[in-house]
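**Student:** Sequence:
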Amino acid sequence: MTIDALDETSGHATPADVERLGVETAACLGLTTECRKANHDGVLDSIRAAAAKDAVSITMKAGAYSHTSIALHDALTGSRIPAVEVHIGNIQARASGRHHPFTAKAAFASICGLGIDGYRLAITGLAAKLGAKTSSKIDIKALA
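No gaps in the numbering here: position 5 of the sequence shown is 5 in the working numbering, and each next residue is one more.
Keep in mind that the hints are not guaranteed to be accurate.
[Stated by the list, open to error] Result set (DSSO-like, lysine-lysine): computed pairs, CA atoms no more than 27 Å apart in a straight line:
(1) K37 to K53
(2) K53 to K105
(3) K129 to K53
(4) K37 to K105
(5) K105 to K129
Hint data in this document are derived by calculation from the structure and do not stem from the laboratory.
Turn these sequences into a full structure, and let the hints steer you where they fit.
**Tutor:** Here it is, written out as structure tokens:
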């Protein structure tokens, strides 16, 4: 699985916290993850590279790019691997232009408003979609 975080996480969480949560969640499910961070359109190359390297899924926080980038939508669709879009905050509570992200249409699922726990849920959901053996033994407190 690949986690792409395009911008700083909100609240008190850091990108390192998100990476740790992703790696630990994947490990609990018997999976591995690769974490990447990009603040530019080069993220399209990251998605293509992930697909080329036999990635089986993508979990991403595209930030403002999700609302503005048709190219990002096209890259996700073209990768042909399931993706979950994660929004740390509730995009429905923001300006109306943020209510309809382009990337959501290319994603298997979208999670918003749950903070960085959205990554844990995204990875667990993708694991289930991919047929990985999910476990109810994931210690949420240990991942927080």
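**Student:** Checking each numbered hint in turn, tell me which of them this model violates, lowest number first.
**Tutor:** Of the numbered hints given earlier, the structure breaks none, since each of them holds.
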